[in-house]
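Which chain is which? The protein sequence lines are S and W, in order. Residue numbers 2 to 585, in the numbering used here, belong to the letters of the first sequence in order. Residue numbers 496 to 828, in the numbering used here, belong to the letters of the second sequence in order.
Just so you know, the hints here were simulated from the structure itself, not pulled from any lab data. Keep in mind that a hint or two might mislead.
[Stated by the list, open to error] Incomplete in silico selection of chain W near chain S, CB under 7 Å:
hint: 1; residue: F573
hint: 2; residue: H574
hint: 3; residue: P580
hint: 4; residue: T581
hint: 5; residue: T586
hint: 6; residue: L589
hint: 7; residue: L680
hint: 8; residue: G684
hint: 9; residue: R737
hint: 10; residue: N742
hint: 11; residue: P794
Note that beta-carbon positions come from the ideal geometry of N, C-alpha and C, so glycine has one too.
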Amino acid sequence: MKSRPRILAASSAGVVLLGLGLTACGGGGDEKTADGAGFEAAVGKVVNPSDKKGGTLRMAISSDIESTDPGDMYYAWSTNYVRLYSRMLLTYASKPGDEGRKPSPDLAEGLGVPSADKKTWTYKLRRGMKYEDGTEIKAKDIKYAVARTFDRAVLRHGPSYFSNVLDAKGYKGPYKDKNLDNFKGVETPDDYTVVFKLKDPFTEFNELVNFSGQTAPVPQDKDKGERYGLHPISSGPYKWEKDYQPGKGGTLVPNSNWDQSTDTNRKQLPARIETIAGLNAEELDNQLLKGQIHVDLAGSGVQDNARKSILTDPKLKAQADNPPGGFHWYNPIDMKVVPNLECRKAMVWAADRDAMWRAYGGDVGGEIATSIMPPDVEGREKGTDYYTKAEKGYKGNVEEAKKSLAACGKPQGFETTMIYREDRPKEKGVAIALQQSLARVNIKLNLKGFPANTYTSDQAGSPSFMQKNNVGIGTFGWLSDWPTGYGYLWALSDKAAILPSGNVNIAQIDDPQINEAWKKSYTTVDAAERAKLYNMIDDRLRSQAAYMPNVYAKSLLFRPSTLNNVFFHKGFGMYNYSTLGVTQ
Amino acid sequence: MTAPIEVTGSETQAQPDAVLEGIEGKAIQGRSLGQIAWLRLKRDKVALAGGIIVILLILMAIFAPLVVKLLGHPPNEFHQDLIDPTLGGPTSSLGGMNGDFLLGLEPGNGRDLFSRIVYGARVSLLVGFMATLVAVVIGTVLGVVAGYFGGWVDWVIARLMDIFLAFPLLMFSIAVVGVLPDKWLGLEGNGLRMAILIFIIGFFSWPYIGRIVRGQTISLREREFVDAARSMGARSPYILFREILPNLVAPILVYSTLLIPTNILFEAALSFLGVGISPPTPAWGSMLTDAIRTYQIAPYFVVIPGMAIFITVMAFNLFGDGLRDALDPRSNR
Numbered sequence: 002m003k004s005r006p007r008i009l010a011a012s013s014a015g016v017v018l019l020g021l022g023l024t025a026c027g028g029g030g031d032e033k034t035a036d037g038a039g040f041e042a043a044v045g046k047v048v049n050p051s052d053k054k055g056g057t058l059r060m061a062i063s064s065d066i067e068s069t070d071p072g073d074m075y076y077a078w079s080t081n082y083v084r085l086y087s088r089m090l091l092t093y094a095s096k097p098g099d100e101g102r103k104p105s106p107d108l109a110e111g112l113g114v115p116s117a118d119k120k121t122w123t124y125k126l127r128r129g130m131k132y133e134d135g136t137e138i139k140a141k142d143i144k145y146a147v148a149r150t151f152d153r154a155v156l157r158h159g160p161s162y163f164s165n166v167l168d169a170k171g172y173k174g175p176y177k178d179k180n181l182d183n184f185k186g187v188e189t190p191d192d193y194t195v196v197f198k199l200k201d202p203f204t205e206f207n208e209l210v211n212f213s214g215q216t217a218p219v220p221q222d223k224d225k226g227e228r229y230g231l232h233p234i235s236s237g238p239y240k241w242e243k244d245y246q247p248g249k250g251g252t253l254v255p256n257s258n259w260d261q262s263t264d265t266n267r268k269q270l271p272a273r274i275e276t277i278a279g280l281n282a283e284e285l286d287n288q289l290l291k292g293q294i295h296v297d298l299a300g301s302g303v304q305d306n307a308r309k310s311i312l313t314d315p316k317l318k319a320q321a322d323n324p325p326g327g328f329h330w331y332n333p334i335d336m337k338v339v340p341n342l343e344c345r346k347a348m349v350w351a352a353d354r355d356a357m358w359r360a361y362g363g364d365v366g367g368e369i370a371t372s373i374m375p376p377d378v379e380g381r382e383k384g385t386d387y388y389t390k391a392e393k394g395y396k397g398n399v400e401e402a403k404k405s406l407a408a409c410g411k412p413q414g415f416e417t418t419m420i421y422r423e424d425r426p427k428e429k430g431v432a433i434a435l436q437q438s439l440a441r442v443n444i445k446l447n448l449k450g451f452p453a454n455t456y457t458s459d460q461a462g463s464p465s466f467m468q469k470n471n472v473g474i475g476t477f478g479w480l481s482d483w484p485t486g487y488g489y490l491w492a493l494s495d496k497a498a499i500l501p502s503g504n505v506n507i508a509q510i511d512d513p514q515i516n517e518a519w520k521k522s523y524t525t526v527d528a529a530e531r532a533k534l535y536n537m538i539d540d541r542l543r544s545q546a547a548y549m550p551n552v553y554a555k556s557l558l559f560r561p562s563t564l565n566n567v568f569f570h571k572g573f574g575m576y577n578y579s580t581l582g583v584t585q
Numbered sequence: 496m497t498a499p500i501e502v503t504g505s506e507t508q509a510q511p512d513a514v515l516e517g518i519e520g521k522a523i524q525g526r527s528l529g530q531i532a533w534l535r536l537k538r539d540k541v542a543l544a545g546g547i548i549v550i551l552l553i554l555m556a557i558f559a560p561l562v563v564k565l566l567g568h569p570p571n572e573f574h575q576d577l578i579d580p581t582l583g584g585p586t587s588s589l590g591g592m593n594g595d596f597l598l599g600l601e602p603g604n605g606r607d608l609f610s611r612i613v614y615g616a617r618v619s620l621l622v623g624f625m626a627t628l629v630a631v632v633i634g635t636v637l638g639v640v641a642g643y644f645g646g647w648v649d650w651v652i653a654r655l656m657d658i659f660l661a662f663p664l665l666m667f668s669i670a671v672v673g674v675l676p677d678k679w680l681g682l683e684g685n686g687l688r689m690a691i692l693i694f695i696i697g698f699f700s701w702p703y704i705g706r707i708v709r710g711q712t713i714s715l716r717e718r719e720f721v722d723a724a725r726s727m728g729a730r731s732p733y734i735l736f737r738e739i740l741p742n743l744v745a746p747i748l749v750y751s752t753l754l755i756p757t758n759i760l761f762e763a764a765l766s767f768l769g770v771g772i773s774p775p776t777p778a779w780g781s782m783l784t785d786a787i788r789t790y791q792i793a794p795y796f797v798v799i800p801g802m803a804i805f806i807t808v809m810a811f812n813l814f815g816d817g818l819r820d821a822l823d824p825r826s827n828r
């Protein structure tokens, strides 16, 4: 990996010129060392700013990519990655610090403009935006992209906000109903205007549009349903060279029909971007530390071995960052499988929070969680502990757990299955810690691991799977879709969020108080008032023992010294991928 | 160059051995084949050592709870007070090895490695033995039938063996264990997984035994004593079970002993790949997988289950080789 002497320099200013193809890069060389810019250097500012073109950027992931279809993805890193080949109406600003959490116009000229009643949101498209084949992007393509998310039998992984908030009158999606005019949730009065019609007033619609790839335009005649993801039509700086090969990967090459001057959030620096899927996690870390791979796509940090290398080697540590990733790794308890509150309480009481925190890597891995919403969410309160103590060294309370079990009518304990993502050793560690600590009160957990790329759709995300297999508890992590209580909590707590696949309300909580609070929040205009409602919901989720808090994640991220324009993006909770370059 | 290799076989050696024993001043007495074999085995120190290790391993597996009670801690008990929370390794040197934790601590959870190795022997040996039993039963029955009856029966069974030998077993087992239901045929959890492992490994390794049995049967069925029995009116079942099978005990015993370590390795490979026994039940293969994830934090952790597998397989192989030399399946009298 080692650094050839380079004339690159760290920008002394915390801001980089990302926009409008401005290529002049930060000037004066200051304290940058031979390797890396220092521990935590990419948090809050850009490391190695450069507009040097060329080279091959190599990205890898240890599981498979859930889907390369912009409308069919939900992992934070997927929506980060998709920006390389797709543009959306709005997208996160590619900026370090809090700026990166804000929506910014992408294909749209500006943010959406709501009507007075907040039920109609209008976006104006930029003119002259093109697909990779040179045809112009029209409003109807965005309407179509939104319409296809209504068919969850075809697009199973993505978020389901649009089908919940849009006033589509029972529309079933374009695969069952080919005539797009029957979709009334989005209207296109002309080729450059997109109007969203909502069922109920909703104040955070720009944030909703912003966070996912679901407004990336899809030409109806090119859509192949589930197979579209293998070769999505590009509107971004890169396009697919050949089809994406599930389980193997694919290559992105520059798209000559993308125009830097219209795009402030992306760059087109590397000559090729290679993505390798299914690389063993240890091997991935090895290659990352050697600089043979530039980016670990999953963005959740290195494994145990690499962690030791990085923390004990100052040279490597200077190329690492350890920011709060925005994730909360919690444990949903399925309320349909464990219906009795006292039984769920017993599970929480018995849980060894210290061991669960250690499974994530102690202080480097994160902070013991109190509320379900992580600290980053606007207006979030710390909350009180229910049936547990959020502190290091807390090993669970066996006495209380036994009392709850007795109250549940099962003093002899019970048995249920716990699932986790097999390719994530930390989640397996949490599962083993829970299994061991719950065994003290004769709650027997049978552990079963599944691959990450099917976990959110077919196992944890499938209520019928959970019930059929008696899965009472699982591991899960959630990053707010956007940094408000709604963006974090809605998908995991509203009754309306329960889906047959890709479900995030894994606890299957259907609580009248919570459902009522959500309804109330839509019409509450004052943000502080809304935050109160969100905190109430958070409190209720824990007092109902529907979600067991675990750890607010901190990721140990590594950036090889050859990687340019690296910064930690708060919206995605990892490095931003759309502006990266390489020195080779 | 034209001499058949068999000439140097121990049929010629066996007699001088027996004769020499007699000359050493003791009363000459008749010895059964078993006695001769035992004498030879006793003289083969390496095989004997292998045999002793095998016996010790079996005793260790059977009395695992007692051994652990005396020398260790419960295999699933966490000892995180001895672990550094950030780096995940034991805070003390040598991986936490001391009088209390004989083989040190597992990184992360701080479980007692000694206890986990002792309990892990149960899985390895049980799967190794039972799978071999399955293979031997199927292999012997089909091998004898094929060898004795010949003709189309032989052809069908021989081709079946070819198919089984060519089967991509590893991939098949991963697929089968992956789609396993939680409950099946009255079994559940690890009991079910263990049963499936035994069945798969056994069911696909029978051709190794089957081929040898078949070959032996073909040569035996032409022997005079079989002809004699047949001419006196014995029926096929009688000839198979009373005349031929007793002569096959030696080779079957030898090849079973050599098949056991192969099966132990296969089980270890499967649990290494994550399709073996579910956590927290310790198995050597899955311990290796965990160890590789932490090889920089706790290098000793890779060595310990690796050595356990190595010693077990080695002991069985040495014992099996010695047994073969002692019994010499080629001198079927």
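Okay, the hints, checked on the actual structure:
1. With a cut of 7 Å, the hint placing F573 of chain W at the interface with chain S holds, because the nearest CB-to-CB distance is about 6 Å.
2. For H574 of chain W, the interface hint is violated, the least distance from its beta-carbon to any beta-carbon of chain S being 11 Å, above 7 Å.
3. For P580 of chain W, the shortest C-beta to C-beta distance to chain S is roughly 3 Å, which falls under 7 Å, so the interface hint holds.
4. A hinted interface residue such as T581 of chain W counts as satisfied when its beta carbon comes closer than 7 Å to some beta carbon of chain S; here the least separation is about 4 Å, so the hint holds.
5. The interface hint given for T586 of chain W is violated, since its Cβ lies 12 Å from the closest Cβ of chain S, which is over the 7 Å cut-off.
6. For L589 of chain W, the interface hint is violated, the least distance from its beta-carbon to any beta-carbon of chain S being 17 Å, above 7 Å.
7. Given the 7 Å rule on beta carbons, the hint for L680 of chain W is violated: about 17 Å separates it from the nearest Cβ of chain S.
8. Hint on G684 of chain W holds. Least Cβ distance to chain S is approximately 6 Å, under the 7 Å limit.
9. Against a cut-off of 7 Å between C-beta atoms, the interface hint on R737 of chain W is violated, since the closest Cβ of chain S lies about 49 Å away.
10. Interface hint status for N742 of chain W: violated, as the beta-carbon distance to the closest one in chain S is roughly 48 Å, over 7 Å.
11. At about 10 Å, the closest approach between the beta carbon of P794 of chain W and any beta carbon in chain S exceeds 7 Å, and the interface hint on this residue is violated.
The structure is inconsistent with the numbered hints 2, 5, 6, 7, 9, 10 and 11, although it conforms to all the rest.
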